[in-house]
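Novice: Top line first, the protein sequences correspond to chains S and D. Terminal number for the first sequence in this note's numbering: 478, no gaps in between. Terminal number for the second sequence in this note's numbering: 229, no gaps in between.
Worth flagging that the hints you see were computed from the coordinates, not collected in a lab. Backbone N, C-alpha and C define an ideal beta-carbon position, used for all residues, glycine too. Take these hints with a grain of salt, some might be off.
Covered stretches of chain D (chain S as the covering partner; in silico rule of three or more C-beta atoms under 8 angstroms from a C-beta of chain S) [to be verified]:
{"hint": "1", "region": "13-22"}
{"hint": "2", "region": "177-184"}
{"hint": "3", "region": "216-222"}
Partner residues are not named here, just some residues of chain S that face chain D (Cβ under 10 angstroms, in silico) [claimed, not checked]:
{"hint": "4", "residue": "LEU190"}
{"hint": "5", "residue": "VAL191"}
{"hint": "6", "residue": "ARG193"}
{"hint": "7", "residue": "ALA254"}
{"hint": "8", "residue": "ARG259"}
{"hint": "9", "residue": "ILE264"}
{"hint": "10", "residue": "GLU270"}
{"hint": "11", "residue": "GLN283"}
{"hint": "12", "residue": "LEU289"}
{"hint": "13", "residue": "SER297"}
{"hint": "14", "residue": "LEU337"}
{"hint": "15", "residue": "GLU339"}
{"hint": "16", "residue": "LYS342"}
{"hint": "17", "residue": "ILE345"}
{"hint": "18", "residue": "LYS356"}
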Amino acid sequence: MNMDSIRFRLTVWHACLLTAAFILLGALLFMQLKAYLQNTLLETQARRAQQIAETLLSPVNRTGEKYVVEEIKTLYAPEHSDRFIRITRKDGSVLYVSGPPNDQSFDPGGVPPALPSPQREFTRKQAMPDGRALLIAACRATTENGESYLAEVGTPATPIDTMLSHLLLLLGLSLPVVVLLAVGGGYLLVRRALTPVEEIARKAEIITQHNLSERLPVALTGDELERLSVSLNHMIARLESALQNSKRFVADASHELRTPLTILRGELENLAQDFQLPAALQERLGSLLEEVERLSKIVERLFALSRLDAGEAQAECIQFDLAELTATTAEQMALLAEDKKISITCDARQAVPVKGDRVRLKQVVVNLLDNAIKYTPDGGTVHLKIAAANGHAIIEVSDTGIGIPAEALPHVFDRFFRVDQARSRRPDGAGLGLAIVHSICHAHGGEVTADSIIGKGSRFCVSLPLVEWKNSAGKIT
Amino acid sequence: MRILVIEDERKVAEFVARGLKAERYAVDVADNGDNGWAMVNTYEYDLIILDLMLPGMDGLELLRRIRGRNTQMPILILTARDAMASKVENFEAGADDYLTKPFAFAELQMRVKALLRRGSINQCSVVRIDNLELDRLSQQVRRGGKRLDLTPKEYALLEYLATNPGRVFSRTMIVEHVWDQGFDGLTNIVDVYVRHLREKVDAPFPTKLIRTVRGVGYSLSDEVMT
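Start from the sequences and build out the full structure, keeping to the hints where you can.
Specialist: Next up, the structure:
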């Protein structure tokens, strides 16, 4: 999974936020519930403590302490209701303490005395040595003769604690479920939202300079994605028109240059063939003519490229054997190689049927071979291989030449591109040969790639769609 | 021989006319389609050189009209459009040959000469230049009685140069005639072949027959160079 994708990041964010919200809500619920339950319980205890203080302890100088103890026992029966009651005198001596409760949940004798407090009523949560806790409310009573007593009423906090721990368990158990839902839901939501983006990306991927007339799909949803795809389409339209303008410019320019070039060439040739002229002048005319020739060649090639751009690549579209064409071309060019003591080997074992313009495809082979021979030092080798594989016709031209630097490789098929100054010393070409190869291959639904090791050599690989041999003669017989 | 050049680019028309006049043809020039049509109707021409892009009457239209009237007169088209489609269109409209701008004047001369003598058989099977003898039937070459051993391409190149001794052939012309369209622009192959041919034809002999005209091309000639 791509950790940088929007889908991943949004899902993680979604899950994190949802989990955090759940934990926060759980914590709030827990605290609130805990406080509410404790307060309610303490309030009940406080009311009892107040009752004892006001009804039994205040008039103790008239009723006597014994009466108070009896009354508490009969009225409250603390042992049966699992309650803790203690009456303490002013000097700290205990007047009454309830016995152990029925469920033995605490030991009343072990409850530490209340800390002195200036308030008349106060509460506390008393932790017991066995780890449990008692919720105790205390109320001070003052008799008419100035005697003072402290009534304490308590109850174990265990039911609250049990309830709260259950709640905590429940929250803890549901947390993974919530996280899982958040991740899954987030993923699905984001995926749903991003599907049109994927669609746009996929389509955008296949739009190149050769099919700029195509457009991205526009989902008529009225949302941001619709706007995005519409904007992108506008951009493609602008690109298309810019590219068309530049192509038209090249076509027009190369066309317009023809007439002046014709005049230049014709006049210069007329002059050059006048053998009365001094040799030095003839030499200079020759040099001028060479430049006119070079200019004509560039114009010719630019025009050829603009025609290929305009889709006139397959003036004729016939089926033929590419292996045979390549082999004969290699043979015709053998002398060029021989001249530099370069050996050309040609590996064309089987017939490779393709469909297209024979002359143009021959030009592909000629240009690639010419290039290979030019950039291979004397005594090197150029190897040609033609094969059919996976529905493709493959021509591979590899040489033992000077190679192409890695940073220049992606540009070798660009128009007017020169690898470096050393390469540009040759007078012809103008850096259009490989651009023409590229255009012809594309026009035939194929492609051409280059790889190279500097100092070791380069390899150009042309791949064209293979066709089935249709042997019409075979059908008749 | 009288030739009509219908071309609106004055300078192109001028050098074409000048070059052809030097070859002792009588040359008239028309600078638009309507004038051209009027001249075709007034005089008898042996050949018309017609530019396709013309003001007034369009070149193609003019071509159709001339063909409608006279089916014999050879017509050579000059065009800046060399798309395959228009080539086919031209031939259908009745052009005999066509040249794409910018063309070498030598090429124009060749085409004109070929068109004018078309039909008359005056091609000898043996061509002699100085002591070089080229037999078109047996495809054998001798010089000073000694047989030269040439490869088929070398022979084709020599034979092409020999079709018009003394004329300069441009590299592009040579590539187009001796090789084929796939080699368009690959003119360095001509230099290599000419060098090889020279080694066999000229090197062993004192008189050099293959001449280089810088910037223009090659020619086969027995004229003594100064």
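Novice: Taking the hints in turn, state whether each one holds.
Specialist: To see whether the hints hold, each was checked on the structure:
1. 13-22: That given contact holds, which follows from 6 residues of the region 13-22 of chain D lying within Cβ reach (below 8 angstroms) of chain S.
2. 177-184: Holds, because 3 residues of the region 177-184 of chain D bring their Cβ atoms closer than 8 angstroms to Cβ atoms of chain S.
3. 216-222: holds (count 4)
4. LEU190: Violated: closest Cβ of chain D sits about 56 angstroms from LEU190 of chain S, beyond 10 angstroms.
5. VAL191: violated, 53 angstroms
6. ARG193: violated, 51 angstroms
7. ALA254: violated, 12 angstroms
8. ARG259: Cβ of ARG259 of chain S sits 4 angstroms from chain D, so the hint holds.
9. ILE264: Hint holds; ILE264 of chain S Cβ to chain D Cβ min 4 angstroms, cut 10 angstroms.
10. GLU270: holds, 5 angstroms
11. GLN283: For GLN283 of chain S, the interface hint holds, since the closest Cβ of chain D sits about 7 angstroms away, which is under 10 angstroms.
12. LEU289: holds, 7 angstroms
13. SER297: Since the shortest Cβ distance to chain D is 5 angstroms, the answer is holds.
14. LEU337: holds, 5 angstroms
15. GLU339: Holds: closest Cβ of chain D sits about 9 angstroms from GLU339 of chain S, inside 10 angstroms.
16. LYS342: Cβ of LYS342 of chain S sits 13 angstroms from chain D, so the hint is violated.
17. ILE345: With Cβ-Cβ at 14 angstroms, over 10 angstroms, it is violated.
18. LYS356: Check failed: Cβ of LYS356 of chain S comes no nearer than 17 angstroms to chain D, outside 10 angstroms.
Against the hints set out earlier in the document, violations occur for numbers 4, 5, 6, 7, 16, 17, 18.
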